[in-house]
Structures are given as C-alpha cells and as structure tokens.
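Starting from the known structure of chain A, arrange chain B on it as the hints suggest.
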Amino acid sequence: MIRLRVPGMLRYRDLAVRAVAAACKLVGEEPRASNHHDFDDEVVSAFGEAFNNVALHSYRGRPAGDVEIELELSADRIVLRVIDFGHSFDLRQIADPDLDALPESGMGIFIIRSFMDEVTYEAGERNVLSMTKRLHHPASAPSAGEDVQRP
Amino acid sequence: MTFSRTDGDGLTTLRIEGALDAVSTPELRPLIDTLISERVPSVTVDLSGLRLIDSSGVGAIVALYKRARAFKGQVTVIGLRDQPLAIFKLLRLDRVLSG
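From first to last, the protein sequence lines are chains A and B.
Residue 9 in this note's numbering sits at position 9 of the first sequence, and the numbers go up by one each step.
Residue 95 in this note's numbering sits at position 95 of the second sequence, and the numbers go up by one each step.
Chain A with its partners taken away, still in its complex shape (with noise of 0.2 Å):
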C-alpha cells in the first residue's frame, strides 16, 4: 500500500498526480506492454478528476482539509482511494454528459466511469471513492450496477 495525504487544494494536484503516475508504471510486469500506456493514462484521467473534485468540492465553506491517496498496486490491477473528510455527494444522482451539446464542464465523474473499471463511494464523515482499473482488460461501458454508493 502507497498512502499519501496532502492538503485538498488544487495547488498540490500536480504533485498527487505525478505521485499516481509513478505508481501506475510499476503495475503489470516487465517489460511493460504497449497498452500500459493507455493504463497509465486513464489512471491518471480519472485521478486527476477526483483530485479535483475534492479541491473544488469537498471543503467549500468549511476549513480546507486534508485529501489522503492510497493506492494498491498488484500485477494485474490498481485500486486507489481517494479520501476527504469534506462534504459528500451521491454519486448515483450524477448522470453522464450530453456530449453533443459539448459541454464545458460537468464532465469528471464521467471521466471517472468511463476510464476505471470500478468505480464506489461510500460517504460519510470519511469520504472514500474507490477506483480500479485493470491490466488487459478494456474499461466496459458503466452499467447500472457499476456505480455502488455506500451510505
């Protein structure tokens, strides 16, 4: 396991994201495979988001906290959680972007769904949103149980 915990401020995104980046090249075995980069990039993709959604979301109009990262890294897959003691949302009320209408913002959740494998939260004094994407397996389309909301 890889923790990390760093203020929820957008200010430290890049730090996060490049501490997530690393971690997605030790998945999977040597020599990496010319999918892993795909891998590495939807990882990092839906990080990013969830990053970003607890900077933007989680402490608004409350004292800035903290975001904790822990990633579990294995030969086949990557499970990250990102973790904010902040405000919480039901994930199942946020419906996919009409794309045809481009829009301009609204887009991270699904940035999330479409990249990762799985995708929960479970709310709750301790927000966790749990990711996993594996090796060799391409993210399928969400479906109705895909989405699991822990109250």
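Any given hint could be a false lead.
As the list claims (entries may be wrong) - Mimicking SDA-like on lysine to any residue, the simulated pairs with C-alpha atoms at most 20 Å apart in a straight line are:
1. Lys-25(A) - Ser-4(B)
2. Lys-89(B) - Gly-49(B)
3. Lys-89(B) - Val-79(A)
4. Lys-72(B) - Ala-101(A)
5. Lys-66(B) - His-136(A)
6. Lys-72(B) - Gly-10(B)
7. Lys-25(A) - Arg-5(B)
8. Lys-89(B) - Asp-41(A)
9. Lys-66(B) - Asp-100(A)
10. Lys-66(B) - Leu-99(A)
11. Lys-66(B) - Pro-97(A)
12. Lys-66(B) - Arg-95(B)
13. Lys-89(B) - His-37(A)
14. Lys-89(B) - Ala-63(B)
15. Lys-89(B) - Asp-100(A)
16. Lys-66(B) - Gly-18(B)
17. Lys-72(B) - His-37(A)
18. Lys-89(B) - Ile-78(B)
19. Lys-25(A) - His-136(A)
20. Lys-66(B) - Asp-38(A)
21. Lys-72(B) - Glu-38(B)
22. Lys-25(A) - Val-79(A)
23. Lys-89(B) - Ala-101(A)
24. Lys-25(A) - Arg-134(A)
25. Lys-89(B) - Asp-38(A)
26. Lys-72(B) - Gly-65(A)
27. Lys-89(B) - Ile-2(A)
28. Lys-89(B) - His-36(A)
29. Lys-66(B) - Val-96(B)
30. Lys-25(A) - Ile-2(A)
31. Lys-89(B) - Arg-51(B)
32. Lys-66(B) - Thr-34(B)
33. Lys-89(B) - Gly-106(A)
34. Lys-66(B) - Arg-39(B)
Please keep in mind that the hints were generated in silico from the structure rather than gathered at the bench.
Here is chain B on its own, set in the frame of chain A:
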C-alpha cells in the same frame, strides 16, 4: 503550463504546452477572451507539446470553439497525442475539433 500566440497570413496559432488543468486553465482564459473579442476568424490550437489535460482544460478549449462558432469563426485542434488524445477521444471531441 505555457502558451503562446502567433499570428501570420490571416491565421492565428495558439500553442499550449505542459499541463492544462484546473490549476493552469484560469491563466489561459484572458487570451481566449481576447481571441473572441478580436473575432479572430481562424484559430489553430497546437497541443503537440501538451502532456496532460483535465476536464477544466477541455472546457476552456470547447468554450473557445463555441464562442468562435457564434461569429462563424473556426477553431481547429492539432497535435493531440497520449493522455490529451485519450480524453478528446472519450469526449468525442477529436472528430469535432481536429483538423
């Protein structure tokens, strides 16, 4: 993130390098406003030096495209690769914006 604007032969190129994300996108907004206020007829957004983009960065480029379209201006994105290309493909923007 660094960006630069070059003008020549009636064409304007906006080159963006580094990471266009929630941290850096606000730095780009004033230039986007300027391009729109000048009603620049054609803008090429060169992303060949861009290594990372998030939904905030995408939103800024889409905003430029939509506002230019209002006065029949053209916005074309070139040089997409790696993570930015993956994001543009997911959001189906590679076909809309690519020259």
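Now the hints, each set against the structure:
For the hint pairing Lys-25(A) with Ser-4(B), the CA-to-CA distance comes to about 32 Å; that exceeds 20 Å, so the pair is violated. Restraint check for Lys-89(B) and Gly-49(B): the C-alpha separation of about 18 Å stays at or below 20 Å, so the hint holds. For the proposed pair Lys-89(B) and Val-79(A), the alpha carbon gap of about 24 Å is over 20 Å, so the pair is violated. The straight-line distance between the Cα atoms of Lys-72(B) and Ala-101(A) is roughly 17 Å, inside the 20 Å bound, and the hint therefore holds.
For a cut-off of 20 Å, the pair hint linking Lys-66(B) to His-136(A) is broken: about 37 Å separates their Cα positions. Between Lys-72(B) and Gly-10(B), the direct Cα distance comes to roughly 15 Å. Compliance with the 20 Å bound is thereby established for this hinted pair. At roughly 35 Å between alpha-carbon atoms, Lys-25(A) and Arg-5(B) are farther apart than 20 Å, so this suggested pair is violated. For the given pair, Lys-89(B) sits about 12 Å from Asp-41(A) by alpha-carbon distance, which is consistent with the 20 Å threshold.
Among the hinted pairs, Lys-66(B) with Asp-100(A) is consistent with the structure: their alpha-carbon atoms are about 12 Å apart, no more than 20 Å. For the suggested pair Lys-66(B) and Leu-99(A), the alpha carbons sit about 13 Å apart, so the restraint of at most 20 Å is met. This hinted pair checks out: Lys-66(B) and Pro-97(A) have alpha carbons roughly 17 Å apart, not beyond 20 Å. With a C-alpha separation of about 15 Å, the suggested pairing of Lys-66(B) with Arg-95(B) holds against the 20 Å cut-off.
Note on Lys-89(B) and His-37(A): the hinted pairing holds, with a Cα-Cα distance of about 15 Å set against a maximum of 20 Å. At most 20 Å may separate the alpha-carbon atoms for a hinted pair to count; Lys-89(B) and Ala-63(B) meet this at roughly 17 Å. As the CA atoms of Lys-89(B) and Asp-100(A) are separated by approximately 13 Å, the hinted pair is consistent with the 20 Å bound. Distance hint between Lys-66(B) and Gly-18(B) is unfulfilled; the C-alpha atoms sit about 24 Å from each other, more than 20 Å.
Between the alpha carbons of Lys-72(B) and His-37(A) the distance comes to roughly 38 Å, so the proposed pair goes past 20 Å and is violated. Annotation: proposed proximity of Lys-89(B) to Ile-78(B) holds, straight-line Cα distance about 13 Å (limit 20 Å). Distance restraint check for Lys-25(A) and His-136(A): the Cα-Cα separation of roughly 14 Å lies within the 20 Å cut-off, and the hinted pair is therefore satisfied. With a C-alpha separation of about 29 Å, the suggested pairing of Lys-66(B) with Asp-38(A) is violated against the 20 Å cut-off.
Pair hint Lys-72(B) plus Glu-38(B) holds up; C-alpha atoms about 13 Å apart against a cutoff of 20 Å. Pair hint Lys-25(A) plus Val-79(A) holds up; C-alpha atoms about 13 Å apart against a cutoff of 20 Å. Of the supplied pair hints, the one linking Lys-89(B) and Ala-101(A) holds, its CA atoms being roughly 15 Å apart against a limit of 20 Å. This hinted pair checks out: Lys-25(A) and Arg-134(A) have alpha carbons roughly 13 Å apart, not beyond 20 Å.
Between Lys-89(B) and Asp-38(A), the direct Cα distance comes to roughly 12 Å. Compliance with the 20 Å bound is thereby established for this hinted pair. At roughly 45 Å between alpha-carbon atoms, Lys-72(B) and Gly-65(A) are farther apart than 20 Å, so this suggested pair is violated. For a cut-off of 20 Å, the pair hint linking Lys-89(B) to Ile-2(A) is broken: about 31 Å separates their Cα positions. For the hint pairing Lys-89(B) with His-36(A), the CA-to-CA distance comes to about 17 Å; that is within 20 Å, so the pair holds.
Between Lys-66(B) and Val-96(B) the CA atoms are separated by roughly 11 Å; this keeps the pair inside 20 Å, and the hint holds. Taken as a hint, the Lys-25(A) and Ile-2(A) pair is honoured in the structure, with Cα atoms around 13 Å apart against an allowance of 20 Å. Restraint check for Lys-89(B) and Arg-51(B): the C-alpha separation of about 15 Å stays at or below 20 Å, so the hint holds. For the proposed pair Lys-66(B) and Thr-34(B), the alpha carbon gap of about 15 Å is at most 20 Å, so the pair holds.
The suggested pairing of Lys-89(B) with Gly-106(A) holds, with an alpha-carbon distance near 17 Å, which does not exceed 20 Å. A C-alpha spacing of about 12 Å is found between Lys-66(B) and Arg-39(B), which places the hinted pair at or below 20 Å, so the restraint holds.
Hints 1, 3, 5, 7, 16, 17, 20, 26 and 27 from the list above are not met by this structure, while the remaining hints are.
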